[in-house]
Each structure stands twice: as C-alpha cells, then as structure tokens.
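Peer 1: Residue strings, one per chain:
There are 2 protein chains.
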Amino acid sequence: MPSESEIIRMIRSRSRRRCGPGVEVGIGDDAAVLKPDLGTDLLFCSDLSVEDIHFRTQWATHELIGRKAMAATISDIAAMGGEPRFALASVALPRGWAMGLIEQLFSGMFGLADDLGFSLVGGDTTASPGPIFIDTSAIGVCGRGRAIRRNNARPGDHVYVTGDLGGSGLGLTLLGQGFKLVDDSRPLDQLNSARQAAIMRHLAPAPRVQAGRMLGFEGLATAMIDISDGLATDLGHIAEDSNCGAVIHGELIPLAQALKDLSSTGMEIDSVKMALQSGEEYELAFCSPADNVDRIRNLSETLELPITRIGEIIRKPGLYIEQDGQTVSLDTRGFEHQI
Amino acid sequence: MPSESEIIRMIRSRSRRRCGPGVEVGIGDDAAVLKPDLGTDLLFCSDLSVEDIHFRTQWATHELIGRKAMAATISDIAAMGGEPRFALASVALPRGWAMGLIEQLFSGMFGLADDLGFSLVGGDTTASPGPIFIDTSAIGVCGRGRAIRRNNARPGDHVYVTGDLGGSGLGLTLLGQGFKLVDDSRPLDQLNSARQAAIMRHLAPAPRVQAGRMLGFEGLATAMIDISDGLATDLGHIAEDSNCGAVIHGELIPLAQALKDLSSTGMEIDSVKMALQSGEEYELAFCSPADNVDRIRNLSETLELPITRIGEIIRKPGLYIEQDGQTVSLDTRGFEHQI
Numbered sequence: 001m002p003s004e005s006e007i008i009r010m011i012r013s014r015s016r017r018r019c020g021p022g023v024e025v026g027i028g029d030d031a032a033v034l035k036p037d038l039g040t041d042l043l044f045c046s047d048l049s050v051e052d053i054h055f056r057t058q059w060a061t062h063e064l065i066g067r068k069a070m071a072a073t074i075s076d077i078a079a080m081g082g083e084p085r086f087a088l089a090s091v092a093l094p095r096g097w098a099m100g101l102i103e104q105l106f107s108g109m110f111g112l113a114d115d116l117g118f119s120l121v122g123g124d125t126t127a128s129p130g131p132i133f134i135d136t137s138a139i140g141v142c143g144r145g146r147a148i149r150r151n152n153a154r155p156g157d158h159v160y161v162t163g164d165l166g167g168s169g170l171g172l173t174l175l176g177q178g179f180k181l182v183d184d185s186r187p188l189d190q191l192n193s194a195r196q197a198a199i200m201r202h203l204a205p206a207p208r209v210q211a212g213r214m215l216g217f218e219g220l221a222t223a224m225i226d227i228s229d230g231l232a233t234d235l236g237h238i239a240e241d242s243n244c245g246a247v248i249h250g251e252l253i254p255l256a257q258a259l260k261d262l263s264s265t266g267m268e269i270d271s272v273k274m275a276l277q278s279g280e281e282y283e284l285a286f287c288s289p290a291d292n293v294d295r296i297r298n299l300s301e302t303l304e305l306p307i308t309r310i311g312e313i314i315r316k317p318g319l320y321i322e323q324d325g326q327t328v329s330l331d332t333r334g335f336e337h338q339i
Numbered sequence: 001m002p003s004e005s006e007i008i009r010m011i012r013s014r015s016r017r018r019c020g021p022g023v024e025v026g027i028g029d030d031a032a033v034l035k036p037d038l039g040t041d042l043l044f045c046s047d048l049s050v051e052d053i054h055f056r057t058q059w060a061t062h063e064l065i066g067r068k069a070m071a072a073t074i075s076d077i078a079a080m081g082g083e084p085r086f087a088l089a090s091v092a093l094p095r096g097w098a099m100g101l102i103e104q105l106f107s108g109m110f111g112l113a114d115d116l117g118f119s120l121v122g123g124d125t126t127a128s129p130g131p132i133f134i135d136t137s138a139i140g141v142c143g144r145g146r147a148i149r150r151n152n153a154r155p156g157d158h159v160y161v162t163g164d165l166g167g168s169g170l171g172l173t174l175l176g177q178g179f180k181l182v183d184d185s186r187p188l189d190q191l192n193s194a195r196q197a198a199i200m201r202h203l204a205p206a207p208r209v210q211a212g213r214m215l216g217f218e219g220l221a222t223a224m225i226d227i228s229d230g231l232a233t234d235l236g237h238i239a240e241d242s243n244c245g246a247v248i249h250g251e252l253i254p255l256a257q258a259l260k261d262l263s264s265t266g267m268e269i270d271s272v273k274m275a276l277q278s279g280e281e282y283e284l285a286f287c288s289p290a291d292n293v294d295r296i297r298n299l300s301e302t303l304e305l306p307i308t309r310i311g312e313i314i315r316k317p318g319l320y321i322e323q324d325g326q327t328v329s330l331d332t333r334g335f336e337h338q339i
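Those protein sequences? They're chains A and B, same order as listed.
Residue 1 is where the first sequence starts when you use my numbering, and the numbers rise one by one after that.
Residue 1 is where the second sequence starts when you use my numbering, and the numbers rise one by one after that.
Quick caveat, the hints were computed from the structure, so don't treat them as lab data.
These figures come from a predicted structure and were not determined experimentally.
Be careful, since some hints might not be right.
In silico DMTMM-like links for lysine to aspartate or glutamate, alpha-carbon gap of 25 Å or less [unchecked claim]: (1) B:K273 - B:E301; (2) B:K35 - A:E6; (3) B:K35 - A:E218; (4) A:K35 - B:E24; (5) A:K260 - A:E301; (6) B:K35 - A:D324; (7) B:K180 - B:E301; (8) B:K260 - B:E301; (9) B:K316 - A:D270; (10) B:K35 - A:E24; (11) A:K35 - B:E6; (12) A:K260 - A:E218; (13) B:K316 - B:D241; (14) B:K273 - B:D324; (15) A:K273 - B:E301; (16) A:K35 - B:D241; (17) B:K273 - B:E312; (18) A:K260 - A:D270; (19) B:K273 - A:D37; (20) B:K180 - B:D324; (21) A:K273 - A:E301; (22) A:K35 - B:D37; (23) A:K316 - B:E301; (24) B:K273 - B:D114.
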C-alpha cells in the first residue's frame with residue numbers, strides 16, 4: 001500500500017515538469033500556480049464520480065474510469081463554450097490498492113489532458129473506507145462575456161445536438177445485461193461490434209471541446225448544455241432557465257449507429273426513448289437563431305462532426321416531442337441520480 | 001430524500017445572487033463564470049475529506065464538518081501567500097439524508113466563505129453508497145510571481161509558526177477518548193474548558209488567510225506550508241524540497257493553552273511530541289531570512305497573531321530537534337494518512 005507521498009511522487013513524475021502553457025508550479029506544492037490568459041473569463045466546475053453509482057470496476061479498466069471521471073468535468077467547460085486549461089483530481093481509494101492500479105487511474109486522466117491540451121496540476125489522494133471517489137475540477141477560459149449559459153434561449157431558436165445519441169445508454173444497458181468490454185483485437189461480427197461500440201461509448205466518452213469552443217468563439221449559440229443526464233432532462237434545463245419551452249422532432253434525433261444496428265437485429269429497444277433518456281452522452285445540445293443555419297452547417301463540416309437540428313424553442317413552457325404526426329408532452333426526468 | 005436538482009435549488013437560494021466581486025455566473029449552470037483579477041497569478045488546489053477518515057458525524061455538527069472541509073482547501077491558498085476568491089464543493093451523501101442536514105453542511109461552507117470573503121460558486125452533489133465525501137477546490141490569487149513555494153528555504157533562514165500548536169491533536173485525542181463537543185452555554189470548570197477549547201480547535205480550525213496573504217504581499221517568506229500533517233512532516237517537506245535541513249528548538253514551540261492546562265492537571269501527554277505531530281492545525285510554518293526579524297514582529301503585532309520563531313534552516317539535510325541540551329534527529333512522519 002503506497003503512502004500519500006509515494007502516490008504524489010508517482011503522479012509528479014508522470015506529469016511533465018511544466019505541464020503546459022501557463023503552469024508556473026504544477027503538482028507537489030500546497031497549490032498549483034497558474035498564469036491566467038489575458039482578456040478571458042474563467043470557467044470553474046467540478047464533477048464527482050462514485051464507484052457503484054457512476055462506474056463499476058468490473059465493467060471498465062482503471063484507465064477508462066479515470067479518463068471518464070475527468071471527461072465529465074471537461075465536458076462542462078465545453079458546454080460553456082470554453083477551452084479547458086487546468087484540472088485537479090481528488091481521489092479516495094480503498095486501502096490495499098497497488099500502485100499499478102493508481103497509476104492506471106491517473107494515466108486515464110493524464111491521457112485525456114494530453115489529448116485535449118489541458119494540464120493536470122494537482123489534487124488530493126486519501127484512503128476510502130468504502131467505494132472509490134473521484135472528484136475532478138477544472139478551470140477553463142472563454143472570451144470576455146462569451147460564456148454560453150443555459151438561460152438565453154429564445155422562441156424561434158433552432159435546437160441542435162452534436163454527434164449522435166443513445167449509444168451511452170445502450171452501452172450501460174448491455175453492461176447491465178452482462179456483456180463485457182472486449183479488450184483483445186479479435187474480429188467481431190456485426191452484432192458484437194455494435195455492442196462493443198455502445199459499451200465504449202458509455203465507458204470512453206469524448207467531450208466536445210472543439211465544437212463548444214468554436215460555438216462560443218463564433219457567438220453562434222444562445223444557450224448550451226452538455227448531455228450528462230439525458231437530452232430530455234438537459235434540454236429541459238435550458239427551456240426552464242430560459243423561461244420558454246422546446247419541441248423535439250422525434251425523427252430528427254440522430255441515433256447512434258449501434259442503437260440502429262441492434263434494434264434492427266431484434267433487440268427490444270425503444271430507440272427514441274433511449275436517445276431522449278440516455279445520460280453521460282457528453283454531446284452538446286444548443287440553441288441558435290434560425291438565421292445561423294448556414295454557419296452551423298459550415299462549422300459541422302469544418303469539425304467533421306455531425307451537428308443536427310432536432311427541434312425549436314417555443315414560447316409555451318415545457319418539453320414536447322413531435323412524432324408520427326402527434327405532439328406529446330415529455331417527462332424531463334431522464335437520468336437524474338436520486339439521492 | 002431530495003433530488004439533485006432540489007439540492008441545487010436550495011444551495012442556489014442560499015448563495016447570494018451574485019456572490020461576490022468577480023462572479024459573473026454562480027451556482028446553477030454547467031460552470032461558474034468568473035472575472036479574473038488583473039495582474040495576479042492564480043492558485044488552484046483541492047482537499048478531500050472522507051467520513052471516518054477525516055471526520056465523524058458523532059463528533060461534530062454537520063455545519064462544522066462542512067466548514068472544516070472547506071477550511072482545509074482555503075488553508076492551502078493561505079500557505080501559498082494567496083487570497084481565496086472562488087470555491088467549489090463536491091459532496092457525496094448517503095441516501096436518506098434530509099434536506100436539513102444538507103443545508104447545515106453547506107451552511108458551514110458558506111459561513112467560512114462569508115467570513116473570509118470568497119465565493120462558493122458551484123460543485124456537484126451525488127449519492128454515496130458508503131461514507132460521506134466532501135471535496136472542496138478553490139481558486140486564489142497572489143501578485144505575479146509572488147506565490148510562496150516550499151522549495152526556496154535557505155540555510156540561515158529562521159523558521160516561524162503562526163498561532164500555537166498541539167490543540168488539534170489534543171482535541172482529536174479527547175474525542176477518541178469519548179469527550180464530546182458541548183453545544184450549550186453552561187459554564188465549564190477550567191479542565192472542561194480546556195477540553196472544549198482543544199476539541200473546537202480540532203473541529204473548527206481557522207485558516208491563516210490574512211497572515212499568509214501579508215507574508216506573500218510583503219515578500220517576507222522564502223518558503224511556507226500549512227500544518228495539515230503535523231509540524232514535523234510539513235517542515236520536513238520544506239526542508240526536503242529546499243534541499244536543506246531544519247532544526248527546531250523544542251522549548252520555543254508555542255503550545256496550545258489547552259495542552260498546557262491539561263498537561264498541568266495530570267493528563268499524561270508529551271506536549272512537545274503532540275505539538276510536533278498534531279495534524280490539521282492549519283497554522284502556517286514559514287522560513288524567513290534573519291534580517292526580517294523586526295518586520296515579522298511588526299506583522300505579528302498588526303495581525304494580533306502570535307508568530308513565533310522556533311528554529312533555523314541548516315545546510316545538513318534532515319529534521320532535528322534541540323531539547324534539554326541535546327539535538328536529536330526527528331521522524332518526519334507526523335500525521336500522514338497511510339492508504
């Protein structure tokens with residue numbers, strides 16, 4: 001069982017001496033010392049991942065667990081139209097963990113930092129008498145006054161989502177049914193490929209940092225949120241905070257390929273419902289005035305990322321779905337963890 | 001059992017609409033939006049408090065637990081010579097907690113924020129299948145290049161501590177022996193007063209923000225740390241990171257009054273050892289060149305806070321204590337939580 005200072009030494013050696021631009025002092029002092037960018041606002045947020053609530057060690061590698069715990073916070077920076085710059089990780093680990101496992105956990109976090117260009121500059125480690133806890137916090141930046149909030153959507157705005165939806169919820173369902181992440185490279189048939197794609201979608205989400213930043217930089221979104229609790233819940237937050245409502249066109253929701261593949265091969269699944277309720281997708285849902293259609297299409301092409309118009313903001317409060325010629329009111333409870 | 005959004009609503013209503021200077025968007029969006037101060041460096045740190053490792057609900061009110069969890073992080077900002085500005089709190093709570101308890105926990109955190117002039121701007125709440133977890137993170141500021149690190153102490157520097165030591169460790173010992181925090185206002189005899197003082201010292205530490213900030217502002221300290229793991233361990237960090245050693249004069253260590261009172265009334269206790277090993281004191285230990293003696297005395301008077309010279313930095317690595325005419329090598333392990 002490594003001591004706290006042995007863990008810090010390991011993490012310190014794993015982090016580059018001066019992690020990235022703006023890091024004057026990284027891991028190992030009482031606090032990190034950072035040089036803020038000039039002319040920006042700061043974004044500040046955290047996200048807590050708890051074993052057996054948010055993840056299971058039987059389902060994922062420790063590297064994926066660390067990576068996803070960090071991705072959740074970085075996705076919140078993306079959802080404000082910001083760029084992640086610095087992050088901390090506080091982890092509580094059951095006694096008896098070997099250094100190798102701790103290294104894997106941090107390797108996942110450092111890996112995401114390297115991929116997305118931010119620096120992991122500190123945190124805290126302690127023992128846990130119960131489950132694993134990982135709290136990640138991050139500082140991001142955006143242009144002065146350019147943060148994209150939830151409360152500025154206006155009736156007539158189009159509602160968009162990045163990427164596709166339902167994959168994460170499908171992956172979670174499959175993991176719950178006993179399907180496993182396959183970690184070798186044997187070729188898989190179409191059915192098992194689709195299962196693996198869904199499982200990976202759940203275990204290794206990619207925060208939409210570039211899309212969020214560009215939407216913020218170009219001032220294209222009136223309101224934005226990342227889909228962590230499900231499209232219905234999260235778009236519901238935008239509608240409520242903006243004092244308006246939203247209507248989603250069911251047939252326009254971009255469904256994850258794995259969801260289409262598995263529902264076409266007989267898996268009993270309500271794809272649209274799954275796409276509405278699937279949490280931890282970490283796609284962005286945003287609103288944009290109707291006359292931005294061309295600019296959003298261009299952005300989608302530049303980023304090589306599908307950005308799909310799925311509905312509109314309306315004056316009438318509430319969330320509605322239009323499907324098969326009918327419009328029905330939608331329960332906004334998607335994926336909220338009751339405590 | 002309140003839902004996550006009910007908790008957020010409660011916290012949101014408790015926080016002032018625009019918490020303090022620099023808070024553009026506080027609690028309730030994906031991330032807080034903050035205006036950084038001009039001409040400062042940022043300090044960034046977190047601290048994790050775990051039930052039954054760092055605190056027990058039988059020993060403290062929920063308000064004190066929340067306050068102390070936040071104080072630990074703010075103390076790290078103080079230890080860099082900084083001023084706390086913004087904080088987050090991520091808490092995992094056992095299912096079944098009533099809103100009243102959650103309010104008390106946050107009330108402790110908001111109380112510290114109000115007292116010390118920083119803003120609690122966000123965080124995360126989730127269920128815990130085990131103990132309570134509270135991770136607090138903070139952004140502080142200090143003048144450009146003025147952060148006080150651990151690695152710049154030089155042979156000949158004097159070693160100082162703020163306040164007095166041993167009270168927190170004594171309080172922890174008493175709590176372990178079954179003494180309780182008394183929450184009514186009945187008058188206590190001297191013995192029980194001393195016990196209560198020690199217990200309160202353990203449960204309600206006061207981060208030395210003003211002292212830390214002034215030491216940073218006036219450039220008086222070459223190295224500084226807050227005493228969270230015990231003087232021996234923490235001064236050991238300064239010595240090691242500065243590639244030198246330190247000698248402490250046992251008789252100069254300022255002992256907590258409660259420690260003196262209780263050891264004089266027959267409690268079997270090695271006061272100096274307690275003062276060396278007592279963790280969670282959140283006093284500051286710092287090093288300063290010998291010619292700053294007068295300025296440090298002035299600072300102590302201005303702040304009405306004892307600042308005591310307890311030793312010197314020496315060339316020879318290691319930590320030593322001079323007591324009763326003998327100099328012995330000191331174990332730097334004070335209060336580190338093994339995991």
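Peer 1: Given the hint that K260 (chain A) pairs with E218 (chain A), test it: the Cα-Cα distance must not exceed 25 Å.
Peer 2: violated (33 Å)
Peer 1: For K35 (chain A) and D241 (chain B), compute the direct alpha-carbon distance and say whether it is at most 25 Å.
Peer 2: holds (22 Å)
Peer 1: Measure nothing beyond the straight line between the CA atoms of K260 (chain B) and E301 (chain B); if it is 25 Å or shorter, mark the hint as holding.
Peer 2: With a Cα-Cα distance of about 23 Å, the restraint between K260 (chain B) and E301 (chain B) holds, given a limit of 25 Å.
Peer 1: Check the hint pairing K273 (chain A) with E301 (chain A) against an upper bound of 25 Å on the C-alpha distance.
Peer 2: violated (28 Å)
Peer 1: Run the distance test for K35 (chain B) versus E6 (chain A): straight-line Cα separation, threshold 25 Å.
Peer 2: Measuring from Cα to Cα gives roughly 37 Å; hence the hint is violated.
Peer 1: Would you check the hint for K273 (chain B) and D324 (chain B), treating anything up to 25 Å between C-alpha atoms as holding?
Peer 2: holds (14 Å)
Peer 1: Can the restraint linking K316 (chain B) and D241 (chain B) be considered satisfied, given a maximum Cα separation of 25 Å?
Peer 2: Since the Cα atoms of K316 (chain B) and D241 (chain B) sit roughly 13 Å apart, the hinted pair holds (cutoff 25 Å).
Peer 1: Below or equal to 25 Å on CA atoms is what counts here, so check K273 (chain B) against D114 (chain B).
Peer 2: Violated, at about 35 Å.
Peer 1: Quick one, are K273 (chain B) and E312 (chain B) close enough, alpha carbons at most 25 Å?
Peer 2: holds (19 Å)
Peer 1: For a C-alpha distance cap of 25 Å, please report whether K260 (chain A) and D270 (chain A) respect it.
Peer 2: holds (10 Å)
Peer 1: Take a quick look at whether K273 (chain A) and E301 (chain B) sit within 25 Å of each other, Cα to Cα.
Peer 2: Since the Cα atoms of K273 (chain A) and E301 (chain B) sit roughly 67 Å apart, the hinted pair is violated (cutoff 25 Å).
Peer 1: Sort out whether E301 (chain B) lies within 25 Å of K180 (chain B), counting only the CA atoms.
Peer 2: violated (34 Å)
Hints 1, 2, 6, 7, 9, 11, 12, 15, 19, 20, 21, 23 and 24 from the list above are not met by this structure, while the remaining hints are.
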